[in-house]
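Respectively, the protein sequence lines represent chains A and B.
Residues in the first sequence are numbered from 837 upward in steps of one, following the numbering used here.
Residues in the second sequence are numbered from 9 upward in steps of one, following the numbering used here.
Keep in mind the hints are simulated off the structure, nothing from the lab.
Hints may contain errors.
As the list claims (entries may be wrong) - The calculated EDC-like cross-link candidates involving lysine to aspartate or glutamate, where the alpha carbons are at most 20 angstroms apart (straight line), are:
1) B:K599 <-> B:D492
2) B:K100 <-> B:E128
3) B:K679 <-> B:D491
4) A:K865 <-> A:D882
5) B:K378 <-> B:E392
6) A:K925 <-> B:E307
7) B:K409 <-> A:D908
8) A:K862 <-> A:D954
9) B:K544 <-> B:D516
10) B:K378 <-> B:E318
11) B:K599 <-> B:E553
12) A:K942 <-> B:D396
13) A:K925 <-> B:E399
14) B:K673 <-> B:D492
15) A:K942 <-> A:D871
16) A:K925 <-> B:D435
17) A:K925 <-> B:D396
18) A:K925 <-> B:E397
19) A:K925 <-> B:E447
20) B:K317 <-> A:E948
21) A:K942 <-> B:E397
22) A:K925 <-> B:E318
23) A:K942 <-> B:D492
24) A:K942 <-> B:D324
25) B:K599 <-> B:E580
Said to hold, decoys possible - So these bits of chain A aren't anywhere near chain B, every CB distance computed over 10 angstroms:
26) Y864
27) R868
28) A878
29) F899
30) N912
31) K930
Backbone N, C-alpha and C fix where the C-beta goes; we use that ideal spot for every residue, glycine too.
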Amino acid sequence: MDQKKILIAEDEDNIAMALELFIGRKGYKMTRVADGDAALEALAADTPDLIVLDIMLPNRSGFEVCQVIRNDAAYNGVKILMMTARGGKVERTKGLALGADAFMTKPFSSAELLAQIDSLLEDPGG
Amino acid sequence: MKERLGLRKRFALFFAALYLGGLAAIIGGLWVGYSRVGGAPDGYVISGVIIAFVLLGVTAWVAFLFDENVAQPILALASDLNTRARANVDQKIDEQPARYLGALGPAANAINEALMQLREEQEHAIEEETARIGRDKALFETLLRDLAEGVVVITPDHRVMLYNRVAQNLLANLGLDRPFSSCLQADPLYHALDRLSARLEDDATGVETFLASTRDGDRFLLGRVGAIVSQGSTTGYVLIFHDATDELAAHREHDHLFNTLLEGTRRPVAAISASLDVLQTDAEMPPEMRVTFNASMQEEVDRLISRLKEIGTRHDAAVLRHWPMSEVSTNDILLSLNARNITQLDLLGDEHFVRCDAFAVLEMLSCVLKHLAESGTRNSFTFEAWQDESEVRLGIGWSGKDVSDGQLDEWMQQPLSPVYGQYSGRDALATHRAEIWAEPSGSGYRIVLPLPSAEAPELGPTDERPEFYDFNLPLPEADTESDDQLLATLPFVVFDTETTGLSPRGGDEIVQIAGVRIVNGRILRGEVFDELVDPKRSIPPSSSEVHGITEEMVKGAGDITRVGRAFHEFCEGSVLVAHNAPFDLAFLRLKQEEIGRSFDHPVLCTVLLSAAMYGHTGQHTLDALAERFGVDLPDEVRHTALGDALATAEVFRQLLEVMAAAGIKTLGDAKAVARQMTRIKKQQNY
Chain A
837 MDQKKILIAE DEDNIAMALE LFIGRKGYKM TRVADGDAAL EALAADTPDL
887 IVLDIMLPNR SGFEVCQVIR NDAAYNGVKI LMMTARGGKV ERTKGLALGA
937 DAFMTKPFSS AELLAQIDSL LEDPGG
Chain B
9 MKERLGLRKR FALFFAALYL GGLAAIIGGL WVGYSRVGGA PDGYVISGVI
59 IAFVLLGVTA WVAFLFDENV AQPILALASD LNTRARANVD QKIDEQPARY
109 LGALGPAANA INEALMQLRE EQEHAIEEET ARIGRDKALF ETLLRDLAEG
159 VVVITPDHRV MLYNRVAQNL LANLGLDRPF SSCLQADPLY HALDRLSARL
209 EDDATGVETF LASTRDGDRF LLGRVGAIVS QGSTTGYVLI FHDATDELAA
259 HREHDHLFNT LLEGTRRPVA AISASLDVLQ TDAEMPPEMR VTFNASMQEE
309 VDRLISRLKE IGTRHDAAVL RHWPMSEVST NDILLSLNAR NITQLDLLGD
359 EHFVRCDAFA VLEMLSCVLK HLAESGTRNS FTFEAWQDES EVRLGIGWSG
409 KDVSDGQLDE WMQQPLSPVY GQYSGRDALA THRAEIWAEP SGSGYRIVLP
459 LPSAEAPELG PTDERPEFYD FNLPLPEADT ESDDQLLATL PFVVFDTETT
509 GLSPRGGDEI VQIAGVRIVN GRILRGEVFD ELVDPKRSIP PSSSEVHGIT
559 EEMVKGAGDI TRVGRAFHEF CEGSVLVAHN APFDLAFLRL KQEEIGRSFD
609 HPVLCTVLLS AAMYGHTGQH TLDALAERFG VDLPDEVRHT ALGDALATAE
659 VFRQLLEVMA AAGIKTLGDA KAVARQMTRI KKQQNY
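Given only the sequences and the hints, what does the whole structure look like? Please build it.
Now the structure itself:
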């Protein structure tokens, strides 16, 4: 079984730390970046299977990173799991419209997050 | 006693006198001659007789000419002048017969012309003035009627004299000459009126504010009341108010959310803080205890999370009602965008309605469109609105270069317009709980802006000028026995029912009730009652054919209890009138127990009244009466309860006039006449 690669784009260190820990424990290969530009570089360098993408990122918003990914045919297989601390319904609408595969509002439990990641990575469809 | 003789008779007498005088002179002369000279009298007699006849002939002829050319023309001229003095006759006086009267004819015509001109000028001036007053009146009526706030004017004893559309929509049971206290819970208003009176006594003017709830307690009205003072006494009060329910509710919701947020976070945070403190400071805690503390922190965190979710949802839903929003047509948005001449924008799709601040949305879209277009890398711009569940999405599409979210965000960070100060696109998006983004679409891309969907704004009723005021309401006659009240000033409800069939006792039921009020002699077309009733049984197709009401139509209609009560309230204090009233009343009275109200109002029947006025043979159907009184009854409304009620109201109003001319002026008179007809009818049936 190929080890799945996950890219985490999250600028808040406390949360990133926790994410890395319990995602890493599930046996995924993990990379973390803290801003939008770095996320795009990491994508180009080593295309992950899934990106956990926070909306509020410095330099480039998570929305824009999502746009770039979806505009680029090379990244067709990458699943996008968007996160936000802003509680509005409309952020979800926008995220999904821009092509995110799933959208979660913080705070959420690690169990919810892992379940979501698992289901996205199992799903063979694009 | 000198009898005045007509002019011609006098002239005739004059000529007769002239002739007789002349004749006497001649005979006298002849006689003197004869007595002096002597000789045969024959000669004298012959000459006397000849002279007599010739003189007669000449005198008569001259008298005749005089009569033709002087006396009669004088009389004719006098008559013409008299006529024109009394009535407005447009023609010149015929001068031909008066041609021998010298300057009299032309002089008479000169006066006539001057009179005609004066009259014309006067008429013209009156017309203009009336038109001007009419225009002013129409303007004021429209202003009042269509004001965005409710306006009601009440008499000093709190009966309604005037109301506008908004007031009618906000208040139940509002109508001319009705007590205002039946429209809302009026205690706060009475307190305000007391404060107002106290002020007026101190010679201070001004208004008092009040906050009152509607009768069903659902809505709150915030208003101001002022007194109308004329010649030292209060002739009425003016109330201006609006529905403050939503504002108040929004404020309450915000406060509540805030409080809940504070409460909901303080305690869990305190608990977590305490647990963490313990865990950190007590290094030698046994593992089971550590587990307990960890579990308790988890519990508090879960509580925090669920509280946050809940508040987040409610915050999302609490629309910012103090921001001016309205129902806007997406086509209007496009029109305004195009008017800015930024670039050609083609319309796709249908019209939809959204609830938003039209100005802010327009500024946002203009800003985006401007930036998109000025890059030179994009063309073929389109505008489309489409429904997506409870939202309508606005889209501006184009072919060419895409746009990044960062770019969009930058544009949205700018202030929208000098008019709005520093208010930016981002702020506007937050106000509307919206977002904006760019997505691929067809062969290009589009900007999408979702907004809450709205109903197309309701157009008001198409009544030209429904009567909504009467400043001459009859004073309430407190001590008169009801039968002595004048028909001209009594309030009436003219009504009609449609039923499943003709036998109230045989199981037939009412399917529609409609009525219209007559107050102070006027039919108030703006105050009608028109409701379908669920008969809780089948409606035979034969009866549906007559009144057009099917079982489909009454599904969801109120039952006889609810509608009957509402109708009873509508008829409060009025005399009931119907065509063939015993029929309709039989139904209503039979249902009194079910409705819980009794219809013991005085009743008048137009069939009986018409029979009394026009003979008890002949046609007294509604159609016949309508024709007799020239009431137009179009086919579509014949046999609908409201159409028939209105026609009956017109007929009744005219019957009242006929009855008044025949001396039937009070309610008692009318009832007596109707009783008489009933007796005659009963006798006829034997």
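Each hint, compared with the structure:
no. : hint              : verdict
1   : B:K599 <-> B:D492 : violated, 30 angstroms
2   : B:K100 <-> B:E128 : holds, 15 angstroms
3   : B:K679 <-> B:D491 : holds, 8 angstroms
4   : A:K865 <-> A:D882 : holds, 11 angstroms
5   : B:K378 <-> B:E392 : holds, 17 angstroms
6   : A:K925 <-> B:E307 : violated, 26 angstroms
7   : B:K409 <-> A:D908 : holds, 14 angstroms
8   : A:K862 <-> A:D954 : holds, 10 angstroms
9   : B:K544 <-> B:D516 : holds, 10 angstroms
10  : B:K378 <-> B:E318 : violated, 40 angstroms
11  : B:K599 <-> B:E553 : violated, 25 angstroms
12  : A:K942 <-> B:D396 : violated, 26 angstroms
13  : A:K925 <-> B:E399 : holds, 12 angstroms
14  : B:K673 <-> B:D492 : holds, 9 angstroms
15  : A:K942 <-> A:D871 : holds, 18 angstroms
16  : A:K925 <-> B:D435 : holds, 17 angstroms
17  : A:K925 <-> B:D396 : holds, 14 angstroms
18  : A:K925 <-> B:E397 : holds, 14 angstroms
19  : A:K925 <-> B:E447 : holds, 18 angstroms
20  : B:K317 <-> A:E948 : holds, 15 angstroms
21  : A:K942 <-> B:E397 : violated, 26 angstroms
22  : A:K925 <-> B:E318 : holds, 13 angstroms
23  : A:K942 <-> B:D492 : violated, 79 angstroms
24  : A:K942 <-> B:D324 : holds, 16 angstroms
25  : B:K599 <-> B:E580 : holds, 18 angstroms
26  : Y864              : holds, 25 angstroms
27  : R868              : holds, 22 angstroms
28  : A878              : holds, 18 angstroms
29  : F899              : violated, 4 angstroms
30  : N912              : holds, 13 angstroms
31  : K930              : violated, 4 angstroms
In this structure, the earlier hints numbered 1, 6, 10, 11, 12, 21, 23, 29 and 31 are contradicted, and the remaining ones agree with it.
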